[in-house]
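Chemist: Chains as they are written, first to last, in UniProt numbering: chain A, 1 to 185; chain B, 1 to 245.
One or more hints might be untrue.
As the list claims (entries may be wrong) - Label-pair restraints from in silico Cβ distances:
#1 LEU109/A - ASP27/B: 47 to 55 angstroms
#2 TRP162/A - ASP227/B: 36 to 44 angstroms
#3 ARG161/A - PRO231/B: 53 to 61 angstroms
#4 GLY50/A - PRO231/B: 25 to 33 angstroms
#5 ASP227/B - LEU96/A: 57 to 65 angstroms
#6 GLY17/B - TRP162/A: 33 to 41 angstroms
#7 ASP227/B - LEU109/A: 23 to 31 angstroms
#8 ASP87/A - TYR15/B: 25 to 33 angstroms
#9 ASP21/B - VAL112/A: 56 to 64 angstroms
#10 ASP227/B - THR75/A: 51 to 59 angstroms
#11 ASP131/B - LEU104/A: 54 to 62 angstroms
#12 SER12/B - TRP162/A: 26 to 34 angstroms
Claimed, not checked - In silico negatives: residues of chain B with every beta carbon more than 10 angstroms from chain A:
#13 GLY42
#14 PRO43
#15 SER49
#16 HIS53
#17 GLY70
#18 THR75
#19 LEU84
#20 PHE95
#21 MET102
#22 LEU114
#23 GLU193
#24 ALA209
#25 VAL214
#26 ALA223
#27 ARG226
Worth flagging that the hints you see were computed from the coordinates, not collected in a lab. We put the CB at the ideal spot given by N, CA and C, even for glycine.
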Amino acid sequence: MKHVVLGLLAAGPAHGYELRRRYDELFADAGGEVNIGQIYVTLGRLERDGLVAHTAESGGDRRDRKVYRLTESGTATLHEWLSAPSDPPLVKPDVLLRLVAARLAAPLLPDVNPRTVITHHRQRCLEALRELDRQAARTTAGSVSGLLVQASALHLQAELRWLEACQQQLAQIELKTSWKENGDE
Amino acid sequence: MSEPLLRARDLSRTYHGGVRDFAALRDVSIEVAAGDWVAVTGPSGCGKSTLLHLLGGLDRPDRGEVWLAGQRLDTRSESERALLRRRHLGFVFQFLNLVPTMTVAGNVELPLVLQGIGRRDARRRALETLDELGVADTADAAPAELSGGQQQRVALARAVVHRPDVLLADEPTGALDSAAAETVLDLLRRRHEDGQSIVLVTHDHRVAAAADRVVTMLDGQIADERDLSGPTGRPTLRNLINLEG
Ligand SMILES: Nc1ncnc2c1ncn2[C@@H]1O[C@H](COP(=O)(O)OP(=O)(O)OP(=O)(O)O)[C@@H](O)[C@H]1O
Ligand SMILES: [Mg+2]
């Protein structure tokens, strides 16, 4: 949230509600929905660290509002963040761990096996892909949500292809788990 | 339950003539009810095209049965199969098979003309279908003058123009970029809504996910069959980003 707020302030000074409006416009259907409390908590921390500063602005009959702006240090922090490389999309090994564990646990839990792990995950990925395609129709080109949909769809496709590879190699996975006999000796 | 439109039981097909015999399909069973949309996916060489050719009566199994609209298909003669095919099926080949000596429009009109539909009507419907797929401007060209992606859409137009009971399509989006693939998917969705049964072979899981049922093949067998027709209701997009931190 920190860097996002710095980014939103880079567009110009604003009070909390204005920042939330900017945020919602950008991330609206992408699951954004940030509450005003989160914005103020973040602004508080940023101010404590000297990255933003505020001036009070009298809002007529309304209460005084704090208008926030980036400090020099805030701008530097934003610049540093933007210059750093982004995280590579490394795969979470969740399915793989389940796959291996399911193989190992087969004698103990006869109703689970690697095949069902693959099958369940495939169902989930296909459903997600189907749902994304439906949502893709509602996004506009170049919007944050549109780009997120594209990224997610491509990752899901890669995952499904990888599942095929897993399934093809199941026989080998099964052959290598001959520990049981060793342990019995 | 009524008889499915297309039904295959325990199909096996071994190719001979290579260095050694190759069992491309082993005991595959599949049912396609009226209105079903089935996607068949799986790695290259797993037997997808072989299965589709058997379902369409273009090839015969060594063992097993294929039933189309209540009639046994695989035991019939070549000409009888051709007749049943013409009446009930539309086929998109992986390697297209457009008639090179006819124009694009001529190719697409062909199934209609073979059904005895008049030239003018056939032309109108061919142009409409080409238009739906965004390639109406190629109507008077020869297939060889078209890009791979354009030819692919023409082949699809030819397969659906006569509104067959079942469309069998082998990689209909294989040569397409995502915008053109979307045009093809839109056409398939519309036809599906009109009750058209579809069996679609594809490498592309995004295309597969548009179907109601996804069959995954591995090494000549069905490894998995997933039903996607139920509601998912998963607000996936909302869970995509995590801006905390
Ligand atoms: N006419 C043939 N003679 C010998 N072998 C064949 C013949 N046709 C296909 N095969 C083999 O049978 C296997 C299945 O082929 P098929 O064309 O059905 O695969 P596929 O799943 O459609 O692959 P792709 O995704 O690459 O189109 C392959 O290993 C292929 O080499
Ligand atoms: Mg093929």
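Chemist: Next step is simple, just say for each hint if it's right about the structure.
Modeler: So, going through the hints one by one against the coordinates:
Checking the proposed 47 to 55 angstroms range against LEU109/A and ASP27/B shows it is violated: the Cβ atoms sit about 29 angstroms from each other. The hinted range of 36 to 44 angstroms is not satisfied by TRP162/A and ASP227/B, whose Cβ atoms lie roughly 22 angstroms apart. At roughly 26 angstroms, the beta carbons of ARG161/A and PRO231/B sit outside the given window of 53 to 61 angstroms. Judged by the Cβ atoms, the range 25 to 33 angstroms given for GLY50/A and PRO231/B is violated: they are separated by roughly 50 angstroms.
The hint said 57 to 65 angstroms for the Cβ distance between ASP227/B and LEU96/A, and at roughly 25 angstroms that hint is violated. About 34 angstroms separates the C-beta atoms of GLY17/B and TRP162/A, a value consistent with the hinted range of 33 to 41 angstroms. For the pair ASP227/B and LEU109/A, the supplied restraint of 23 to 31 angstroms holds, since their beta-carbon distance comes to about 25 angstroms. The hinted range of 25 to 33 angstroms is not satisfied by ASP87/A and TYR15/B, whose Cβ atoms lie roughly 47 angstroms apart.
Distance hint check for ASP21/B and VAL112/A: the Cβ-Cβ separation is about 37 angstroms, which falls outside the suggested range of 56 to 64 angstroms. At about 54 angstroms, the beta-carbon gap between ASP227/B and THR75/A stays in the expected band of 51 to 59 angstroms. Range check, ASP131/B to LEU104/A: about 57 angstroms between beta-carbon atoms, so the 54 to 62 angstroms window is met. Judged by the Cβ atoms, the range 26 to 34 angstroms given for SER12/B and TRP162/A holds: they are separated by roughly 29 angstroms.
At roughly 6 angstroms, the least C-beta separation between GLY42/B and chain A is not larger than 10 angstroms, which violates its mark as non-interface. Distance check on PRO43/B: its Cβ comes as close as 5 angstroms (rounded) to a Cβ of chain A, failing to clear the 10 angstroms threshold; non-interface status is violated. Distance to chain A confirms SER49/B as a non-interface residue, since its nearest Cβ pair spans about 17 angstroms, more than 10 angstroms. Remark: the non-interface label on HIS53/B is consistent with the geometry, its nearest Cβ contact in chain A lying 22 angstroms away (cut-off 10 angstroms).
GLY70/B, annotated as away from the interface, keeps every beta carbon of chain A farther than 10 angstroms; the closest lies near 31 angstroms. No Cβ of chain A comes within 10 angstroms of the Cβ of THR75/B; the nearest lies about 34 angstroms off, and the non-interface call holds. Non-interface call for LEU84/B relative to chain A: holds, since the shortest CB-CB distance, roughly 32 angstroms, exceeds 10 angstroms. Distance to chain A confirms PHE95/B as a non-interface residue, since its nearest Cβ pair spans about 23 angstroms, more than 10 angstroms.
Even its closest Cβ contact with chain A, about 35 angstroms, leaves MET102/B beyond 10 angstroms, as expected for a residue assigned away from the interface. Under the 10 angstroms C-beta cut-off, the non-interface status given to LEU114/B relative to chain A holds; the minimum distance is some 35 angstroms. Every CB of chain A lies more than 10 angstroms from the CB of GLU193/B, the least distance being 14 angstroms, so the non-interface label holds. Some Cβ of chain A comes within 10 angstroms of the Cβ of ALA209/B; the nearest lies about 4 angstroms off, and the non-interface call is violated.
Here VAL214/B does not stay apart from chain A, with its beta-carbon only about 6 angstroms from theirs, under the 10 angstroms limit. Distance check on ALA223/B: its Cβ comes as close as 6 angstroms (rounded) to a Cβ of chain A, failing to clear the 10 angstroms threshold; non-interface status is violated. For ARG226/B, the condition that its CB be more than 10 angstroms from all CB atoms of chain A is violated, with the nearest at approximately 5 angstroms.
The structure does not agree with the numbered hints 1, 2, 3, 4, 5, 8, 9, 13, 14, 24, 25, 26, 27 stated previously, though it agrees with the rest.
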